[in-house]
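Colleague: Residue numbers (the numbering used here), protein chains in the order written: chain A, 1 to 397; chain B, 1 to 397.
It is possible that part of the hints are untrue.
Because identical chains cannot be distinguished in the list, a pair is counted as satisfied if it fits within a single copy or across any two copies.
[As the list claims (entries may be wrong)] With a cut-off of at most 27 Å between alpha-carbon atoms, the simulated DSSO-like pairs for lysine-lysine come out as follows:
hint, residue 1, residue 2
1, LYS188, LYS77
2, LYS5, LYS145
3, LYS188, LYS381
4, LYS267, LYS5
5, LYS25, LYS5
6, LYS308, LYS164
Keep in mind the hints are simulated off the structure, nothing from the lab.
There are 2 protein chains.
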Amino acid sequence: MVNEKAYALGSKRSAIRELFEYAKKRGAEIGAENVFDFSIGNPSIPAPARVHAEIERLMQEMPSVELHGYTSAQGDKSVRETIADNMLSRFGFAMDADLLYMTCGAAASLTITLNALTAEQGDEFLVFAPFFPEYRVFVEGAGAKLVVLPADENLQPDLEALKKALNPKVRGVIINSPNNPSGVVYTKEKLEGMAAILRAHSETYSTVYLISDEPYRELVYDESTAVTFPMNVYENTLICYSYSKALSLPGERIGYIAVSPKAADAKSVYAAVCGAGRMLGFVCAPALFQRVVAACDGLTGELSVYRKNRDLLYKGLTDCGFECIYPDGAFYLFMKTPEGDANAFCERAKKYELLLVSGESFGAPEYVRIAYCVATERIEKALPAFALLAKEYGLRG
Amino acid sequence: MVNEKAYALGSKRSAIRELFEYAKKRGAEIGAENVFDFSIGNPSIPAPARVHAEIERLMQEMPSVELHGYTSAQGDKSVRETIADNMLSRFGFAMDADLLYMTCGAAASLTITLNALTAEQGDEFLVFAPFFPEYRVFVEGAGAKLVVLPADENLQPDLEALKKALNPKVRGVIINSPNNPSGVVYTKEKLEGMAAILRAHSETYSTVYLISDEPYRELVYDESTAVTFPMNVYENTLICYSYSKALSLPGERIGYIAVSPKAADAKSVYAAVCGAGRMLGFVCAPALFQRVVAACDGLTGELSVYRKNRDLLYKGLTDCGFECIYPDGAFYLFMKTPEGDANAFCERAKKYELLLVSGESFGAPEYVRIAYCVATERIEKALPAFALLAKEYGLRG
Chain A
1 MVNEKAYALG SKRSAIRELF EYAKKRGAEI GAENVFDFSI GNPSIPAPAR
51 VHAEIERLMQ EMPSVELHGY TSAQGDKSVR ETIADNMLSR FGFAMDADLL
101 YMTCGAAASL TITLNALTAE QGDEFLVFAP FFPEYRVFVE GAGAKLVVLP
151 ADENLQPDLE ALKKALNPKV RGVIINSPNN PSGVVYTKEK LEGMAAILRA
201 HSETYSTVYL ISDEPYRELV YDESTAVTFP MNVYENTLIC YSYSKALSLP
251 GERIGYIAVS PKAADAKSVY AAVCGAGRML GFVCAPALFQ RVVAACDGLT
301 GELSVYRKNR DLLYKGLTDC GFECIYPDGA FYLFMKTPEG DANAFCERAK
351 KYELLLVSGE SFGAPEYVRI AYCVATERIE KALPAFALLA KEYGLRG
Chain B
1 MVNEKAYALG SKRSAIRELF EYAKKRGAEI GAENVFDFSI GNPSIPAPAR
51 VHAEIERLMQ EMPSVELHGY TSAQGDKSVR ETIADNMLSR FGFAMDADLL
101 YMTCGAAASL TITLNALTAE QGDEFLVFAP FFPEYRVFVE GAGAKLVVLP
151 ADENLQPDLE ALKKALNPKV RGVIINSPNN PSGVVYTKEK LEGMAAILRA
201 HSETYSTVYL ISDEPYRELV YDESTAVTFP MNVYENTLIC YSYSKALSLP
251 GERIGYIAVS PKAADAKSVY AAVCGAGRML GFVCAPALFQ RVVAACDGLT
301 GELSVYRKNR DLLYKGLTDC GFECIYPDGA FYLFMKTPEG DANAFCERAK
351 KYELLLVSGE SFGAPEYVRI AYCVATERIE KALPAFALLA KEYGLRG
């Protein structure tokens with residue numbers, strides 16, 4: 001007699017975790033270097049040197065009881081001030097440090113935000129396919145309902161679908177740009193269109209908040225690709241940020257929630273964020289890393305590795321004849337399967353030791369996700385296997 | 001339109017937080033050294049030297065992407081194995097590493113456990129007064145009901161009350177020994193009595209789990225005081241542990257949940273723990289500190305400071321004529337108020353710049369909590385103020 005929902009979530013592995021375990025087993029059989037595992041979104045480049053330098057400095061300069069002591073629940077005040085100042089200098093947005101709440105990473109940012117905004121059981125949150133599947137777990141955990149909307153042909157949000165889906169139960173729209181799993185960066189025009197629709201609805205009915213989940217914000221590879229800072233486009237915005245990907249610190253669980261000072265009822269929303277954090281069991285974000293990320297806010301690891309991987313993989317796969325979405329950011333490439341059934345395609349790919357994630361759980365059952373945060377040699381060695389796979393489908397190969 | 005419960009929790013300060021803010025304000029007026037703040041349970045001794053030594057070693061020896069990468073959701077396997085091994089050597093208990101789940105600290109250990117065990121809305125968890133007030137937030141956040149039972153005259157659990165309170169809706173009993181706020185350590189006899197009652201009920205009706213919240217386990221000051229390892233006494237036990245107090249790392253958010261391998265449905269309970277963690281937004285416990293605490297498991301800071309503080313304060317207050325519970329452990333002294341109304345007593349104490357926490361929120365409205373995790377000089381300087389306060393009540397002073 002336990003919580004059934006929790007039991008179900010805890011006893012069945014996610015598709016990605018299944019593949020991860022398969023990779024280990026297969027690696028033991030034929031050698032890890034012969035398994036082309038593209039399943040996990042774990043950063044493959046080291047944290048910037050500044051991270052360890054800051055840890056050293058803090059251990060030397062700050063008394064232990066202060067450095068490792070509780071910060072306020074919202075996070076250390078000077079940490080929040082630094083991040084708010086950076087939002088002004090980096091994005092031209094005047095953030096209020098007292099509307100920033102430091103969290104234990106992206107998942108915490110999302111569960112806290114969703115719990116804070118769910119006023120009644122059955123409230124709705126909208127998301128565009130393809131989307132990170134844990135959103136469903138988080139939304140349902142908050143007692144709300146996830147409604148999945150289609151993307152357009154470029155995997156940008158379908159704004160007509162958004163218009164139709166809005167109703168007084170909708171509390172928020174979750175966006176994720178650069179996107180996991182597609183690598184697509186939402187255009188400024190799309191976000192402006194979205195803002196106009198949400199603004200009109202908010203003014204007439206009830207406020208719809210934009211929840212921008214942006215752990216990949218800094219991971220873009222072309223000069224021409226600009227990630228739009230959503231608070232500059234829509235007033236009712238909450239940013240859920242994590243330093244996991246930009247600083248290659250996914251295990252350290254550190255991020256923040258930012259409530260736009262221009263949002264309707266910003267102070268009430270922030271109070272609800274603080275209360276939801278308390279209810280879910282978050283006391284404060286890890287104290288040492290709060291200070292580390294404040295000093296490293298805006299830095300990244302050596303992104304040229306990801307750029308090289310992306311270019312190599314995109315060229316290799318399109319040369320084989322595969323249809324791919326050009327990945328502007330994040331470290332995922334989304335590839336259309338020639339047979340239209342991603343699960344079947346992934347099974348075939350396994351014959352060539354290629355481990356890809358089916359798009360089914362992302363709400364895109366014709367695609368597969370290929371995580372290219374791996375050693376470049378893995379991609380070089382895998383391309384001939386992709387070519388053989390392509391030939392099976394009558395492509396150039 | 002936000003989550004009302006979260007809003008209420010986030011917009012009203014706890015009594016302890018109110019005092020903390022008052023202390024800052026008053027300190028600015030008369031000098032911080034003249035404010036005798038005994039409100040906060042923040043460790044006042046540095047972390048053991050081994051903590052920083054381990055951080056240094058890990059930064060030098062482990063590749064960044066591994067050290068700061070995701071661990072499995074349950075926690076790094078070798079970390080869990082080390083902690084399980086230590087349970088055998090320290091407490092003679094054969095723990096299974098695959099029933100250990102690393103968490104972001106005590107609050108996370110509790111919310112995850114309570115969510116995992118709440119099968120239906122309205123399920124009950126029992127606790128004995130006096131108790132840590134956040135238990136109510138955590139239990140209600142899980143959709144369950146907190147039922148408070150009385151203590152006996154020594155502030156040990158009242159077992160007759162326990163017998164009467166048991167019913168088929170009861171999922172668990174929360175204990176906290178050494179206790180916050182009383183400093184009392186539950187005796188082995190009491191725990192054995194409790195186990196017999198819970199065992200009989202579990203065998204006849206449904207399993208009642210013992211949830212042992214033990215962040216103060218290592219903080220005891222007399223050779224004669226033994227903290228009973230609850231898994232040695234009752235099979236259906238979950239330990240919610242945190243390293244915050246023992247290693248003086250409250251800001252780093254690191255602890256664990258241990259499900260006894262002897263518990264009924266241990267594997268299902270563990271699966272529900274994993275699922276509840278996922279639902280609440282916990283991905284893995286902070287990775288660097290997982291490894292640090294594994295290396296430091298069982299160590300403490302220099303406890304002689306707390307022992308000295310306890311002895312000085314207990315003698316000073318009883319010499320004044322105050323009636324105090326002898327604190328075997330933790331770093332709190334629980335004192336009976338001469339007028340029987342802790343709120344009024346705390347207001348009078350403020351006249352002497354003594355900041356004490358009323359027992360009301362702990363379910364003990366005749367007591368005040370005095371946190372002695374402070375510099376020894378603060379106690380020395382405060383004792384004359386306590387003497388004046390005592391005289392107001394016609395005590396020796």
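Colleague: I want to check one pair: LYS188 and LYS381. Are their C-alpha atoms no more than 27 Å apart within a copy, between two copies, both, or neither?
Modeller: Cα proximity of LYS188 and LYS381: none, with 37 Å in one copy and 63 Å across.
Colleague: How do LYS308 and LYS164 come out at 27 Å by Cα distance, when the copy is not named: within, between, both, or neither?
Modeller: Cα proximity of LYS308 and LYS164: none, with 41 Å in one copy and 69 Å across.
Colleague: Between the shortest in-copy and the shortest cross-copy C-alpha distance, which are at most 27 Å for LYS188 and LYS77: within, between, both, or neither?
Modeller: neither (32 Å within a copy, 44 Å between copies)
Colleague: Treating 27 Å as the Cα threshold, decide for LYS267 and LYS5: within, between, both or neither.
Modeller: Between copies only: 15 Å across chains, 33 Å inside a chain, cut-off 27 Å.
Colleague: Between LYS25 and LYS5, at a C-alpha cutoff of 27 Å, which is it: within one copy, between copies, both, or neither?
Modeller: neither (29 Å within a copy, 47 Å between copies)
Colleague: My question is about LYS5 and LYS145: at a cut-off of 27 Å on alpha-carbon distance, are they close within one copy, between copies, both, or neither?
Modeller: both (15 Å within a copy, 19 Å between copies)
Going through the hint list in order, the structure does not satisfy hints 1, 3, 5 and 6.
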